[in-house]
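If you're matching them up, the sequences are chains Y and G in order.
Following our numbering, the residues of the first sequence are numbered contiguously, the last one being 347.
Following our numbering, the residues of the second sequence are numbered contiguously, the last one being 327.
Hints in this document: simulated from the structure, not taken from any laboratory.
It is possible that part of the hints are untrue.
To be verified - Computed list of lysine-lysine pairs in DSS-like fashion (alpha-carbon distance at most 30 Å, straight line):
(1) Lys-253(G) with Lys-163(Y)
(2) Lys-253(G) with Lys-323(G)
(3) Lys-319(Y) with Lys-81(Y)
(4) Lys-191(Y) with Lys-33(G)
(5) Lys-252(G) with Lys-323(G)
(6) Lys-23(G) with Lys-191(Y)
(7) Lys-133(Y) with Lys-58(Y)
(8) Lys-133(Y) with Lys-23(G)
(9) Lys-163(Y) with Lys-23(G)
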Amino acid sequence: MTQARAPKRPRKNSAKGSAQADGLPQGLTSQDLVEYYSKMVMVRTMDERIWMLNRQGKVPISASAQGHEAAQLGSLLAARKDGDCFLFPYYRDLGIKMAAGLTPTEVMKSFMGKAGEPYSNARQFPLQGADLKHNIIQISNVVAAGLTQAVGYALGCRMMGEKTVVLVFFGDGASSQGETHEAMNFAGVHKVPVVFVCENNGYAISVPQSSQMAIADVASRAEGYGFPGVVVDGMDLVSVYEATREAIIHARAEGPVLLEMKVERFMPHTTDDDDRRYRPAEEVENLRQRDPVITMTAYMIEQGFLTQEQVEEIDAEAKRAINEATDAADAAALPDPSTLLDNLFVD
Amino acid sequence: MAVQTVIEAVREAMREEMRRDDKVFVMGEDVGKRGGVFLSTQGFIEEFGESRVINTPLAEASIMGIALGAAFRGLRPIPEVQFSDFLWPSVNQLVGEAARVCYGTDGNLPVPMVVRIPYGGGIRGGLFHSQNVEALFFHTPGLKVVAPATPYDAKGLLKSAIRDNNPVIFLEHKKTYRMVRGEVPEAEYLLPIGIADVKRAGSTLTLVSYGLMLHYCLEAAEVVSAEGIDVEVVDLRSLRPLDKATILESVKKTGKLMVVHEDNLTGGVGAEVAAVAADEAFEYLDGPVTRLCGPDIPTMPFAQTLEDAYLPNTEKIAEALRKLAAY
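Next comes chain Y alone, as it looks inside the complex (with noise of 0.2 Å):
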């Protein structure tokens, strides 16, 4: 394991003597790839309908994931390929949630607040609750709050002789939360098998990353605990796929990592936000250049993965997958308000 480094810059052969002979890091394949893509690109296609459904009175809430789809879906392929890990993902991550399983009209359900979204029931905001199917759980809105329970989880993973390795994603805005030190100090006296995974766009609502902490990489923290701290391209799904896999591998075999993904956060804080009162419009557009979803489109085609045709393909078929959903969700019963009450306790 590396120590926290200076984000490198989006590798096309980023493994390091792990190499495969098609230049793909260890255990991935271009097919692998042309999934992930397809899942980004449903992510985003999603992302921009439910805020544009917010803004028609449908949907009342939302936290984009735009920015961060790299990051999210490349760790959650590399969770996936390794294939015994479960995930605390944060209320941002759409792709997290997404893309480990749900149909698009599943989660539109969930936007909307409609009768047997997968997660609550309707009874949260959007994709919170759990999704045990799938390997997730995310309770609340209160940030870092996950990070013990994620904690927790493994420790009674590894107390049941099993070797799942946990997960748990934060954002910058959460690494300054006190249960933040103690999930990490535990973790690390008790060498929990835990991957604290930073998504860190510079910015907790409207305070940047200046104002909250007098550092430069959260990573960095890691040291004070005892374990390894990694800084990655949180932009580039390949570099983050390989950071994440190596952080499983050292997790399940001697403890916790801290990998912080530098991302960038292209939307308000969410649906309710208004950011250009704290945020220079040139500063988005600037950032938008490193656009996950375009670096990775142009990587597809000049890798010969993808031809052109078989991106927009993929993109007309997004499209279609998420009109669907809409119409379905948009048709779909409300909860019925005799079910108040329901599900307080278990037997």
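Assemble chain G onto chain Y, guided by the hints.
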């Protein structure tokens, strides 16, 4: 039947459940070799090992958050707060998170966790070793709250709490730990959460209490019985769910209700008990519902005179009973 103290009953309940089910484990500050500051886990690390008797850093929020996460995986954690006064940093994980998990996943994610909290005063603990914290949890849907007063109840209710698939706040009054002795059966038994117990039958008036104060209530009932006042003493045992049926049955029989607790008066358990009586037994009441509680200051002070002035005791309760009986 063996005679045990409350702390022995608590310890035996945990030991039996840990022997019965590998998924049960304890965690908290000093629970290892020290055996807990009140010795509730004495001998556990020797019997169950470090993996099931986890000494934690001094960080209450993570004790609760980590226990909660382990419960998500299907374990049955028993996290301990060393003193109730120290639990406040962990309130988000208990009230904010644990209480909302079942409802917030529409019943898909059980939380089989018991939070043990030594609480209460009368031990010269001052503002930060005496606190009554029950009102907060009493107000929180999604939690069960248990506050036993005797060794028999403590053991039977703690075993039930450990087997419950929902988060249980288990409040142990620390003055009762060694002060209160009682018979505890050798054979295994469980007591249901949410069922009050009539500790003394009577006909003149109903006296509702829990925890340490229950014992003073029983003493006061004996004192006034010589004066012809026949008090029925109801031990709530569980605060949430509140056993309304037992309270109402008693009130409908006696027509008078008094509630005693050590916790502050305003917004406490007594206020809810009074409201239940007003709502559902109005036509049976033959006097004002009264409360004898800690005054509204930040718990009992350190000085002996001030601590005594804060706490209800046998004499104060007896006096209040006479007044209500005469109404």
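Each hint, compared with the structure:
{"no.": "1", "hint": "Lys-253(G) with Lys-163(Y)", "result": "60 Å, violated"}
{"no.": "2", "hint": "Lys-253(G) with Lys-323(G)", "result": "19 Å, holds"}
{"no.": "3", "hint": "Lys-319(Y) with Lys-81(Y)", "result": "27 Å, holds"}
{"no.": "4", "hint": "Lys-191(Y) with Lys-33(G)", "result": "21 Å, holds"}
{"no.": "5", "hint": "Lys-252(G) with Lys-323(G)", "result": "20 Å, holds"}
{"no.": "6", "hint": "Lys-23(G) with Lys-191(Y)", "result": "20 Å, holds"}
{"no.": "7", "hint": "Lys-133(Y) with Lys-58(Y)", "result": "27 Å, holds"}
{"no.": "8", "hint": "Lys-133(Y) with Lys-23(G)", "result": "22 Å, holds"}
{"no.": "9", "hint": "Lys-163(Y) with Lys-23(G)", "result": "17 Å, holds"}
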